[in-house]
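My request is simple: use the sequences and hints to build the entire structure.
2 protein chains.
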Amino acid sequence: MTLAPIEPALKEAGTFMEDVLGELLPEPVGPHARVVEAMRYATLDGGKRIRAFLVLQAGRQFGVDRRALSRVAAAVECVHAYSLVHDDLPAMDDDDMRRGKPTTHKKFDEATAILAGDALLTHAFALLAAPETHPDPHVRIELVARLAVQAGANGMVGGQMIDIGAKGEITDIGHITRLQRLKTGALIAYACEAGAIMGKASLQARHALTNYAQDLGLAYQIADDLLDVEGDPALMGKAAGKDQSAGKATFVTVLGPERARAQARLLADQAAQHLEVFDEKADLLRGLTAYVVNRRA
Amino acid sequence: MTLAPIEPALKEAGTFMEDVLGELLPEPVGPHARVVEAMRYATLDGGKRIRAFLVLQAGRQFGVDRRALSRVAAAVECVHAYSLVHDDLPAMDDDDMRRGKPTTHKKFDEATAILAGDALLTHAFALLAAPETHPDPHVRIELVARLAVQAGANGMVGGQMIDIGAKGEITDIGHITRLQRLKTGALIAYACEAGAIMGKASLQARHALTNYAQDLGLAYQIADDLLDVEGDPALMGKAAGKDQSAGKATFVTVLGPERARAQARLLADQAAQHLEVFDEKADLLRGLTAYVVNRRA
Numbered sequence: 001m002t003l004a005p006i007e008p009a010l011k012e013a014g015t016f017m018e019d020v021l022g023e024l025l026p027e028p029v030g031p032h033a034r035v036v037e038a039m040r041y042a043t044l045d046g047g048k049r050i051r052a053f054l055v056l057q058a059g060r061q062f063g064v065d066r067r068a069l070s071r072v073a074a075a076v077e078c079v080h081a082y083s084l085v086h087d088d089l090p091a092m093d094d095d096d097m098r099r100g101k102p103t104t105h106k107k108f109d110e111a112t113a114i115l116a117g118d119a120l121l122t123h124a125f126a127l128l129a130a131p132e133t134h135p136d137p138h139v140r141i142e143l144v145a146r147l148a149v150q151a152g153a154n155g156m157v158g159g160q161m162i163d164i165g166a167k168g169e170i171t172d173i174g175h176i177t178r179l180q181r182l183k184t185g186a187l188i189a190y191a192c193e194a195g196a197i198m199g200k201a202s203l204q205a206r207h208a209l210t211n212y213a214q215d216l217g218l219a220y221q222i223a224d225d226l227l228d229v230e231g232d233p234a235l236m237g238k239a240a241g242k243d244q245s246a247g248k249a250t251f252v253t254v255l256g257p258e259r260a261r262a263q264a265r266l267l268a269d270q271a272a273q274h275l276e277v278f279d280e281k282a283d284l285l286r287g288l289t290a291y292v293v294n295r296r297a
Numbered sequence: 001m002t003l004a005p006i007e008p009a010l011k012e013a014g015t016f017m018e019d020v021l022g023e024l025l026p027e028p029v030g031p032h033a034r035v036v037e038a039m040r041y042a043t044l045d046g047g048k049r050i051r052a053f054l055v056l057q058a059g060r061q062f063g064v065d066r067r068a069l070s071r072v073a074a075a076v077e078c079v080h081a082y083s084l085v086h087d088d089l090p091a092m093d094d095d096d097m098r099r100g101k102p103t104t105h106k107k108f109d110e111a112t113a114i115l116a117g118d119a120l121l122t123h124a125f126a127l128l129a130a131p132e133t134h135p136d137p138h139v140r141i142e143l144v145a146r147l148a149v150q151a152g153a154n155g156m157v158g159g160q161m162i163d164i165g166a167k168g169e170i171t172d173i174g175h176i177t178r179l180q181r182l183k184t185g186a187l188i189a190y191a192c193e194a195g196a197i198m199g200k201a202s203l204q205a206r207h208a209l210t211n212y213a214q215d216l217g218l219a220y221q222i223a224d225d226l227l228d229v230e231g232d233p234a235l236m237g238k239a240a241g242k243d244q245s246a247g248k249a250t251f252v253t254v255l256g257p258e259r260a261r262a263q264a265r266l267l268a269d270q271a272a273q274h275l276e277v278f279d280e281k282a283d284l285l286r287g288l289t290a291y292v293v294n295r296r297a
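So the sequences go chain by chain: A and B.
The numbering of the first sequence is the numbering used here, which starts it at 1 and goes up by one.
The numbering of the second sequence is the numbering used here, which starts it at 1 and goes up by one.
Quick caveat, the hints were computed from the structure, so don't treat them as lab data.
Warning: the hint list may mix true and false statements.
Same chains, same names: a pair is fine if it fits in one copy or spans any two.
[As the list claims (entries may be wrong)] No more than 30 Å apart at the CA atoms, straight line, and that leaves these computed lysine-lysine pairs for DSS-like: (1) K248 / K107; (2) K248 / K106; (3) K106 / K242; (4) K48 / K101.
Rendered as structure tokens:
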């Protein structure tokens with residue numbers, strides 16, 4: 001199987017999404033401009049846009065218009081950015097650097113960062129609900145309903161709650177897997193599911209994509225844990241060794257680097273196998289599985 | 001004009017909403033139970049449920065089923081509760097008491113309070129998007145779209161941004177009015193608008209209700225500012241004199257208590273006048289205008 005070159009495709013999607021987000025985020029005008037500046041700071045000019053890429057590629061399997069998909073991709077990036085802004089706060093992970101820049105509360109202040117996160121989450125729903133996203137309100141309301149589940153207390157927020165509440169208590173791989181399926185997996189799964197919803201995909205195709213996303217998300221997380229131990233902070237744009245100094249159990253601290261790396265490869269292969277029902281239009285999604293485990297940042 | 005007795009109706013709606021919220025909030029089970037406990041703590045057992053009452057009464061003008069309306073009312077109360085949880089944080093207004101109980105970050109911790117607020121906001125959208133709220137997806141997506149506008153950077157969050165950024169700088173009544181129209185007015189207006197959306201109201205009826213809500217919201221806020229100066233902390237369940245010690249300009253510091261009181265009465269009368277297009281089913285909404293300016297807590 002020859003896979004499509006993934007890095008140029010990711011790069012192109014990243015540039016495209018930068019324009020889309022610049023256009024779809026509010027403009028910083030009026031007496032509340034500061035919170036909009038912080039929203040834009042937290043969202044623009046950074047990140048690999050993997051989640052946006054998943055929305056665009058999943059929707060492409062069903063011939064969905066790219067402009068419409070880009071609005072859903074922007075909503076997912078807004079939710080991702082909000083989660084990073086809140087997770088970086090002093091009361092949470094207390095991080096000073098993110099994507100090579102000061103974190104939002106460092107650049108602005110804590111109050112503005114809290115509000116910017118709140119507004120980004122709210123804006124994601126505004127983007128999904130607007131008629132420009134899809135003419136059929138059934139599609140738009142399903143996008144909203146599924147995001148509200150995957151981002152909420154039983155999804156991403158629940159995962160972060162487990163993570164910050166569990167310092168030192170989680171030591172087995174089952175627990176870490178469940179935690180990460182919520183904390184990072186839920187939004188990655190939503191990205192693929194949203195593309196399927198936009199394409200009014202069959203249940204079979206939709207499940208294939210969400211299964212793909214779940215395995216990809218875990219592989220991505222293990223690679224992240226490996227980078228935290230072995231990565232180059234200059235390439236990553238954030239500090240390394242954070243998990244260890246925080247006493248956090250990760251895939252790497254529990255399995256050791258060798259078994260963790262093998263597990264990431266296994267999950268990446270498994271992710272690609274879920275895509276059997278798709279044709280060569282899914283080659284970039286297939287290529288992404290190898291990319292996430294081999295990336296250096 | 002004889003008005004319907006408002007206090008028993010508010011009390012009944014409060015009891016009703018307590019049951020509804022108890023049922024519609026997630027159950028605190030699983031490894032992330034703590035964030036759900038904090039969501040329930042922040043939302044249940046407190047508040048006058050004015051916003052929920054507005055949803056129920058606005059929808060009643062168009063004969064909308066009360067059970068369906070109660071889901072929208074619950075969503076609005078979730079958004080209100082989230083805004084209080086985040087506003088009370090040390091980085092924002094730094095309040096220890098709310099509704100006669102320790103604030104959520106005092107009862108739990110800051111990280112849990114941030115996450116509980118995030119999850120409450122997300123849950124509001126989940127409630128609106130579910131088919132149980134209304135069989136017509138056009139109605140549900142309009143509920144979502146309008147909430148996302150009124151709660152976001154150009155609505156409630158924007159108002160809070162202006163408020164915390166403006167210590168001592170705002171001194172004229174026009175600025176305070178604009179600030180409060182966003183900070184508290186936007187969600188109060190949404191509560192009425194949501195009832196109209198649920199009832200597929202005419203544009204005329206919808207505008208009448210949102211105009212009513214805007215004047216009611218300002219009257220309510222002026223009464224709040226007066227209570228902060230003159231109120232009994234034991235009745236209010238929170239500290240008094242906060243605005244003054246924070247050096248905040250309010251309707252009362254700018255107008256003085258007498259003119260502020262007169263202005264609140266004027267706005268309350270004006271609010272009631274917007275309801276001329278409605279029949280006696282709107283008498284509780286009319287009665288609410290006098291209630292909000294005369295309340296002692």
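Given a CA cutoff of 30 Å, do K106 and K242 count as a within-copy pair, a between-copy pair, both, or neither? both (18 Å within a copy, 28 Å between copies)
Indicate which option fits the pair K248, K107 if close means a Cα-Cα distance not exceeding 30 Å: within, between, both or neither. Classified as both; 27 Å inside a copy, 25 Å across copies.
Treating 30 Å as the Cα threshold, decide for K248 and K106: within, between, both or neither. both (24 Å within a copy, 25 Å between copies)
K48 and K101: within-copy, between-copy, both or neither at 30 Å Cα: within (15 Å within a copy, 44 Å between copies)
Violated hints for the displayed structure: none, as all numbered hints are satisfied.
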